[in-house]
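Put chain B on the given structure of chain A with help from the hints.
Chains A and B are the protein sequences, given in the same order. Counting from 1, position 118 in the first sequence corresponds to residue 118 in our numbering; the numbering is continuous, with no gaps. Counting from 1, position 361 in the second sequence corresponds to residue 361 in our numbering; the numbering is continuous, with no gaps.
Hint data in this document are derived by calculation from the structure and do not stem from the laboratory. Every value quoted in this text rests on a predicted model; they were computed, and no experiment measured them. Treat the hints loosely; a few may be bogus.
[What the hints assert, rightly or not] Below, simulated DSS-like cross-link-like pairs (lysine-lysine); rule was C-alpha separation at most 27 Å, straight line:
1) A:LYS43 to A:LYS228
2) A:LYS232 to A:LYS271
3) A:LYS144 to B:LYS21
4) A:LYS161 to B:LYS21
5) A:LYS223 to A:LYS103
6) A:LYS44 to A:LYS207
7) A:LYS62 to B:LYS59
8) B:LYS645 to B:LYS582
9) B:LYS645 to A:LYS61
10) B:LYS667 to B:LYS603
11) B:LYS603 to B:LYS557
12) A:LYS119 to B:LYS643
13) A:LYS144 to B:LYS86
14) B:LYS310 to B:LYS831
15) A:LYS119 to A:LYS61
16) B:LYS561 to B:LYS548
17) A:LYS223 to B:LYS660
18) B:LYS603 to A:LYS223
19) A:LYS8 to A:LYS119
20) A:LYS44 to A:LYS271
21) A:LYS230 to B:LYS603
22) A:LYS271 to B:LYS660
23) A:LYS170 to A:LYS207
24) B:LYS643 to B:LYS293
25) A:LYS223 to B:LYS599
26) A:LYS217 to B:LYS667
27) A:LYS61 to B:LYS59
28) A:LYS35 to B:LYS711
29) B:LYS514 to B:LYS643
30) B:LYS599 to A:LYS228
31) A:LYS61 to B:LYS660
32) B:LYS711 to A:LYS232
33) A:LYS228 to B:LYS711
34) B:LYS30 to B:LYS59
35) A:LYS217 to B:LYS599
36) A:LYS207 to A:LYS232
37) B:LYS561 to A:LYS161
If you want the building blocks of each chain, they are given just below.
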Amino acid sequence: MNYAKLMKNFIVFAVLIVSYSSFSQNRVAKQSDLKVVYEFNYKKFVELDNVRTANTILINKKDEALFTFDKMIRLDSLQQFRPLESNEAMLYRSPYFFLIKRKNKEISHYETIGNDLLKFSDTVGLNWNLVNEEKLINTYRCKKATLNFLGRNWIAWYTTKIPVSAGPYKFFGLPGLIINIQDTENIFEFTAVEIKKGTYGIDSNIKNYFVSEGGEKFYDIEKKEFFKIKTKYYEMSLNERLKYMNREKKEGIYSFDIKSTTGEKVRTNRKSKARNFIEHYKDEK
Amino acid sequence: MILLASLIWMPFVFSQQIEIKGTITNLVGKPIPNTIIIASSTQNESDIIAFYSSQDDGKYQLIIKENSKLDSLWLVIKHIAYETTKVKIQTKNITKNFKLTEKLEQLDEVLLKSQKKIEIKGDTITYNVKGIKAKKDYTIEDVINRIPGVTINENGQIKYEDKPISHLYINGVDLLEGRYNIATQGIPADAVKEIDIMKKHNHERIKIGRTESDDVAFNLKIKEGVGLVFGSIKGDLGVPIFTGLVEGTPIYLKDNFQNISSFKSNNTGKTLRSVGSSLTTGELNILSIKLNKTNTIRPPDINGVILSDKYWLDNNSYSITNDALHKISDSILLKWNINYVNELSEIEKKSSSTFIVNNDSSIVINRSKNQLRNQRLQFGINQELNKQNFYAKNNTILEYHDNSGNENSILNNNNIRANYENYDLRINNTTLLKTVISKDNILQSGLLVEYNSKSENLLVVPPVFESVFDDNIINDITIQNIEINEFNIGGYSTYDFKLLNLDWNINQKVQYNKSNFESDLRALPNSNTENFPLSSDYMFNRFISKSKIETKFNIGKLRLKWRVSADFTNFNNKEEKDASIKQNESFFFIQPFASARYKINTKWNLGISYSEDNRISDFSKLYPAVVLENYNSLVQNPEIINKTKSQVVSPFLNYSNILKSFFFNIKGRFLQTESEVTFVNQLNDDGFIFTEVVERPNTIKDVSFNLNLSKGFLGSFNSNLSYLYSYTENDLFFNNEFLNTLNTRHGINFNLSFDNGSWYALEYDARITIGSSELPTNKVDNSNFFQTVDLDFYTSSSTRLNFGLESTRTSTSTNNEINRNTLFNMSFFYKPSKKTHLKASLINIFNSNFFTSTNSRANFISTSQFSLRPRQFTIGFTYSL
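Isolated chain A (complex conformation) (with noise of 0.2 Å):
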């Protein structure tokens, strides 16, 4: 009779040990998410110095990539759950509301330009070019790879030791984890400063990621055209950015005249300061 309830004891006993450890074998598994974030640099416009910071999240998976502002994913935790009040829409302002998922080679670039949820596709193939060179960042040896795209020529250090093949923005294909990388001109330049690994969730529902009014959808147009809209809104003055972002409101177009007390005027027809972006994009004809 011992032995009896002896051996159940133990047979319990080996099923909970052997699920035990199937289980954490699963739970093993799924780790190999990684949520990078990169400090983001850039001078937004062309003729004025000043460096502006903001972070930028990689979140890398098994079969995507998700690259947007970190203000953009609080967006969307606060989204998935309700509507966004309208103050709250302000304080998650982002420099640029752009997202950039990556499939493979397949690029899907979310943006807003104004009030427009805009998207298009791409394919990159992207050249690297191997240097020898060594360089100590943030605690990691990385090596130098150089490369020219989207218009710019960029230096990137990458880390062999987080075999990731990915990077911030639309970079990726090096043999390790980009953990710096800049244009050769000093306009942008990406760093990480915290790279997680676990278990990260990338929303289905882009929308999510930005501020939008109820209803509206992402616009599915063709690259060339994006770049053409892109280029033309942030050419146009205050005013006239007011109109296009007003143009669909029944009470028709609005116009900005904004005088202080003291006598001061913001011109607001004028045109705006030229900036920089990171895709140089030249049309090609």
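Relative to chain A, chain B alone:
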């Protein structure tokens, strides 16, 4: 033989491509994609000859392109979730498969955590001032400008990532509200310890349906124990008449207490009537329950039209305000405010009104000199309790108005003088509550209690409308007294929720209003009290209940919204001086609204909406007494409660092409209003009008159409053109004749602006209105052409020169005269430093005396001319402490 051998051998020597391929799997044979395979000459991958990332099926392919002299190379296989494998192979075409072992490690391994430039604690970004301050920053505005994402305009407006902020908190509280530039241009950089950019900040901490504020908030943390006094002083001095302006705004801050005072005084044409911070919520639901501020007797008219105040407002104004804020605890706030405004305005006017009645017309010419003094004393106190799941706010406001004035007129050659007085005491208390019901549903409620007491008097010499008085005595004065006491209590509750994937809102409002209207119209020296309707004691009781439900949803590209409101009103009114006048009636209406909007693509967008609005007479249209509204106007309301029903249909269409800088918008409106009453006007030859209302149905039809076009061209030019057409048809009774009038109006508005960012900029604006009134046997036309031109020269980075002109041209078909007026002005602005601002201006350069404009409606056209301030040269300065 050697040749053959060399032929076989050559491919191996001169071959530039070696292929190494295989499949990467786990221990059970499942392929592993995204594995990095590196080919290197050394084991530690110091030089990478080739690399590959395995595909979805685990396959990889390395092409060794170099003419490598290496006999062997290292293959390093790496994957984030598997153990690294290193293998030495021979440099030749081979197929090598790998089986990888999974890594066993903890969850959420942190691989890198370094210092981030921007510290994000929870939901606030904090910048330490010491770190971003530069030696020459004397005001905090300069320091804020260094924060990434922030730009500051010349007028002190702060923008965070291109969007203006409107909340600048100091030590966590918002005293200054929209006037923050007083603080940023005044607070010295040394007094501030840290600047927070508030992220997950909501002024009301719980989530609510919609808030008024929609801007980023900054919070300046002042160093503990520092007591600050700062602010700004502004002054203007002018000739030829001694004109001046003085304004001071001292601010005191210390720890949890903030105080802002201001004193203003001027006679340069700047009105101060709207000065005084408002502690009211401005909440729409409360506003709809609140009683409207109406005057029974019209105050003396001291307003010009079209032109800016600075040309015609002849004033003597001063005001004193004080706002204080105490932060009692993290969630309790107390604010109080007191303000006093006193403004005396004068104007000289001449108007010529033509009334057309079928085959005849009457002209009334009126030359008047009017004066009005507005005085207001206001005290308010406001408490706020702000917690995670609960928000409460209570406001109490006490207001006292004392307005007095007079009108001295020559009306069709009769000299008349009217003295006006108005005393108004208003007290109200509002409470707002917000609570969370379930996960994301919020219930919002409010309660309002108010009491108003008003007294209005009008004294006219010589006596007017003598025919209404039942006596044969020769009178000296006509006098109208009115006293109104009102009590109002109301509440509302509104709830937002989601059901069946749609957004819903339900709203319930309840209101009870009790008022008393006492009036007395008599001619002196006859001291007998008159009978009704010249004397009245009217008791008014009204109960209202409004229940509303609203929903909105999308079907593909179509966005739909509909709303239905069930309104119930009950009256219980009676006239104490005439027992036959009793109004005990109830009304019930269903008010629907629906709208649809369809976005065809990024360029085209169209929609349509329909609404029905049923209304009943308000208190001001119900008291049955005969009232002397103005020295030449006597009015009597109908004895019935009038119902009006309006139906509106509004379609619209939008097109926009950003690449061509072209936008247009067309909208239409079809409105039909049915009323149960018609206005009856009797005008006599002396220019006196008696208005009464009779029970006769009346329909007003209104069609309007609006077109807006905007086009940018040649880079820096921008133009806007809009056209408005409106057509109105309605009936009225005038001098015993029934008139069916058709009014047409065309309005064209054209605006052209040029600014290419260089040293000059131009803006031109033109407005043309052509109106036409068609009566059974007459037609009257009038036109108005108004233009403004603004030219700016940015002579240096700190100076600006401005030239402006405003010009009108008016004409009517009943008069051969065409009136033209042009006013010129110029100003010079100089900003030598951040704290100082200087200005010199010359207004009305050619010393025009009068300004003329015209207006037409139904069967009358009026041309008014009013006096302008003489040419004035002013020098002004603004200095921040």
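Exercise. CA of LYS217 (chain A) to CA of LYS599 (chain B), is that 27 Å or under?
Worked result: holds, 10 Å
For this session: Please work out if LYS561 (chain B) and LYS161 (chain A) have their alpha carbons no farther apart than 27 Å.
Result: Given pair LYS561 (chain B), LYS161 (chain A) is violated - Cα atoms ~56 Å apart, limit 27 Å.
For this session: Please work out if LYS119 (chain A) and LYS643 (chain B) have their alpha carbons no farther apart than 27 Å.
Result: violated, 53 Å
Exercise. Has the given pair, LYS711 (chain B) with LYS232 (chain A), been kept, meaning a C-alpha gap of at most 27 Å?
Worked result: Holds, at about 14 Å.
Exercise. Are the Cα positions of LYS603 (chain B) and LYS557 (chain B) separated by 27 Å at most?
Worked result: holds, 13 Å
Exercise. Between LYS61 (chain A) and LYS59 (chain B), is the straight-line Cα distance small enough, at 27 Å or below?
Worked result: holds, 19 Å
For this session: Compare the distance between the alpha carbons of LYS44 (chain A) and LYS207 (chain A) with 27 Å, and conclude whether the hinted pair is satisfied.
Result: holds, 25 Å
Exercise. Does the structure keep LYS232 (chain A) and LYS271 (chain A) at a Cα separation of 27 Å or less?
Worked result: Cα-Cα ~11 Å, so holds.
Exercise. Going straight from one Cα to the other, do LYS8 (chain A) and LYS119 (chain A) come out at no more than 27 Å?
Worked result: Distance ~62 Å between LYS8 (chain A) and LYS119 (chain A) Cα, so the pair is violated.
Exercise. Given the proposed pairing of LYS514 (chain B) with LYS643 (chain B), does the C-alpha separation stay at or below 27 Å?
Worked result: holds, 21 Å
For this session: Assess, step by step, whether the Cα of LYS161 (chain A) is no farther than 27 Å from the Cα of LYS21 (chain B), and give holds or violated.
Result: Measuring from Cα to Cα gives roughly 23 Å; hence the hint holds.
Problem set entry | Straight-line alpha-carbon gap LYS230 (chain A) to LYS603 (chain B), limit 27 Å | Since the Cα atoms of LYS230 (chain A) and LYS603 (chain B) sit roughly 15 Å apart, the hinted pair holds (cutoff 27 Å).
This entry does not satisfy hints 9, 12, 19, 28, 31 and 37, going by the numbered hints stated previously.
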